[in-house]
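Chain by chain, the residues run as shown.
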Amino acid sequence: MPNSRLFKFCLGLIVIMFLSRVSFGEEARKDDDGLSRNLYSRLQDEGFTGFLRTDYFSSDKASSEKTDFLGLTAQIKILPRLSDKIDSRFEARAYNFDILHYNNDNSASELLEGLAIFRFENSDLSVGKQIITWGRADGVNPTDNLSPKNYTLLLPEEGDRKTGVTSLKYDYYFSPELTATFFYTPFFEPNKVPFAFPSFIQPSEKKPAYNIENSEAAFRVNKIGSDLDWSVSYFNGFDLTPEVRYLGTYGGKRLIEISNHRIQVFGADFAKNYGRYGFRGEAAYMLTEDMDGIYPYIKNPNLYGVIGGDRTFIETLNINLQFIGRYIFKYSDVEKIQNQAERSIYIKNATFSGELDEIQYSMSGRVDYKLFNETLDIETFGVWNFNRNDYFIRPIVRYAFTDSWKGTIGGEYYEGDENRTFFGFLKKNNTVFMELKYGF
Amino acid sequence: MKRFSIAGFGIAVVFGFIGVSFGEDLSPKDIMTKNFFVNRVKDSKSESAMTLINESGQKRERKSTGVSKLQKNGIDNMRLIKFISPADVKGTSNLMIEHSDGDDDIWIYLPALKKVRRLVSSNKGDSFVGSDFSYADVIGYKVQDFEHKITGSENVDGVDCYVIESFPVSDKVKQDNGLSKRKSWIRKDNFVIVKGENYDLSGQLYKVFKASDIQLVDKENNKWQAMTIEMTNVQVNHKTIVHFSNYKVNTGVDDGYFSQRNLERE
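Residue numbers (the working numbering), protein chains in the order written: chain A, 3 to 442; chain B, 2 to 267.
A portion of the hints provided could be inaccurate.
Unchecked claim - Straight-line distance between alpha carbons at most 27 Å, and here's what the computed DSS-like set of lysine-lysine pairs gives:
no.	chain 1	residue 1	chain 2	residue 2
1	A	372	B	60
2	A	274	B	83
3	B	83	A	225
4	B	116	A	274
5	B	211	A	274
6	B	115	B	211
7	B	211	B	30
8	A	372	A	255
9	A	87	B	46
10	A	87	B	184
11	B	35	B	184
Derived by calculation from the structure, the hints in this document are not laboratory data.
With the hints as constraints, model all of the structure from the sequences given.
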């Protein structure tokens with residue numbers, strides 16, 4: 003179905019649900035004889051929830067020059083229990099991020115999750131499109147390589163970015179604390195990233211086809227309890243973040259290819275409390291297709307780690323600080339590439355892939371202050387890269403007018419050298435955003 | 002039988018039962034111990050509606066289901082609370098495993114992030130999901146963490162009560178719970194707390210607790226549960242009322258229920 007038609011269909015469905023709730027309200031839901039009441043309450047019994055949101059962003063997140071986007075998003079989630087042994091979960095989103103200039107290109111509908119979960123005595127088998135999150139660090143997760151993120155989405159919450167990957171996940175529970183997970187998919191989906199190229203560059207995308215050769219598999223052992231949570235994991239699949247390869251020139255244009263390469267990731271994480279401090283760590287050793295560091299369009303093997311902790315002060319002020327480090331094996335400096343056209347492309351690629359420097363040090367911080375019994379939530383998240391002094395800061399204020407109506411206001415500010423730093427590269431995405439959200 | 006005896010002995014050792022006499026001359030510690038155990042059923046299942054009321058009377062409501070089970074030591078509980086409304090908290094779950102000999106384990110599952118996070122359990126004074134109850138109020142105060150003193154007897158809603166003041170035994174307990182003193186009105190007939198006052202670190206009255214609709218939920222083991230509890234933060238005039246419904250005990254909940262598997266099950 004074309005995006006705009008599907009968007010209208012989904013939006014219409016959600017508006018009907020919304021109106022049925024408003025029209026028949028609390029009083030009607032006490033009766034048991036009205037069709038609308040039955041429809042709504044039956045849906046609620048199946049775990050139905052939904053949101054209608056309108057958002058304003060002063061800039062998009064695709065590094066374009068466009069400004070001022072007023073969007074409308076409808077999202078529904080339902081958790082039908084198919085039998086005693088089979089659960090299911092469906093979540094879909096329809097949105098238009100520029101309703102003032104409505105067209106096919108700025109509408110989208112997507113199934114975020116759609117899966118069946120088969121429950122066995124000591125194991126679960128989840129089949130379908132599913133969001134899987136690995137890693138215990140806050141916001142920066144080197145071991146989280148399964149489900150893609152849409153970094154161009156014009157919605158304010160971090161949790162909105164992930165979409166499911168069509169896959170099979172098998173969890174075996176050795177005990178209430180110890181779980182082994184096996185993951186498999188032949189349907190790789192990459193992250194959507196804010197690449198923007200000038201008109202003299204002609205990009206082409208090469209996404210791995212859906213087939214057995216392009217299968218991805220992962221394994222994880224996860225333990226909670228006994229004062230320490232930890233996991234070890236292994237992933238063999240594609241890097242979610244695409245990379246850019248220079249192909250040459252044609253018709254006065256530089257041709258580039260955007261593709262995702264195979265990686266293997268050995269990961270581990272932990273969470274442990276010491277007194278009033280909570281400590282978390284996560285590390286990943288990544289093997290790539292370029293183990294000798296020869297090709298500038300493929301990541302080198304690297305070691306990527308995060309360690310930090312949080313503490314809550316005066317009941318609701320939480321401060322979380324993390325130190326982030328990455329070491330690139332077989333490092334080679336892309337600045338030394340002779341061909342000027344190639345060099346400029348590979349500098350951008352290395353900037354985006356975090357390979358400009360052999361050793362990188364960064365720090366992330368989150369300050370979250372909840373007030374008035376969590377009615378008002380003031381949060382700031384930021385990352386600062388020490389090597390090149392670029393940073394990103396994201397203040398956000400959320401206010402719950404009622405249980406159903408919530409308002410959000412915030413911004414994203416990127417600073418750094420536009421040509422040689424990651425956050426400088428994203429400067430065009432500096433934005434102020436606002437959201438009004440109705441949950442039902 | 003053997004397991005029961007060992008558990009009973011454990012309780013006695015932990016709470017210093019041995020050597021105390023029962024009856025009229027109960028010590029304040031005995032009373033608080035009896036209060037500690039009066040609602041500790043083997044296991045329970047319930048639904049709850051939590052209403053948060055601010056100074057201007059505006060209400061917010063959160064509905065949840067809760068399952069608890071007493072651990073083999075007969076002292077510590079395991080609890081799994083799942084929120085079912087409103088929409089933005091639906092699917093959020095809390096798993097709490099108490100450890101009387103150390104820090105508790107507390108995890109929260111955030112469905113929007115599909116992530117389980119271990120919480121710092123020593124921050125027991127922190128608000129439980131934005132309510133006026135703290136995690137310590139939900140989990141329960143450990144008897145041995147406080148020194149108790151009987152200050153008198155009072156009649157509350159027609160029932161005779163012990164009035165007991167409890168002081169943290171250490172600065173750590175004080176800081177962890179965010180309290181300098183608790184005052185409890187404990188019914189003499191069944192040892193259920195019907196009223197309480199919590200004082201902040203500066204000694205000012207902070208929160209007032211009330212319990213009502215107290216029901217005998219397990220006749221065989223003489224276990225009681227208040228079906229309505231209320232906590233008011235008198236410093237900001239904000240109140241939380243929790244009504245329990247469909248409260249069932251001894252249903253045979255399996256230990257495996259209190260697992261990451263169920264924590265993540267939306």
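Hints and how they fare:
no.	hint	in the structure
1	A:372 <-> B:60	holds (18 Å)
2	A:274 <-> B:83	holds (24 Å)
3	B:83 <-> A:225	holds (21 Å)
4	B:116 <-> A:274	holds (16 Å)
5	B:211 <-> A:274	violated (35 Å)
6	B:115 <-> B:211	violated (36 Å)
7	B:211 <-> B:30	holds (21 Å)
8	A:372 <-> A:255	violated (52 Å)
9	A:87 <-> B:46	holds (21 Å)
10	A:87 <-> B:184	violated (48 Å)
11	B:35 <-> B:184	holds (16 Å)
Hints 5, 6, 8 and 10 from the earlier list are contradicted by this structure; the remaining hints agree with it.
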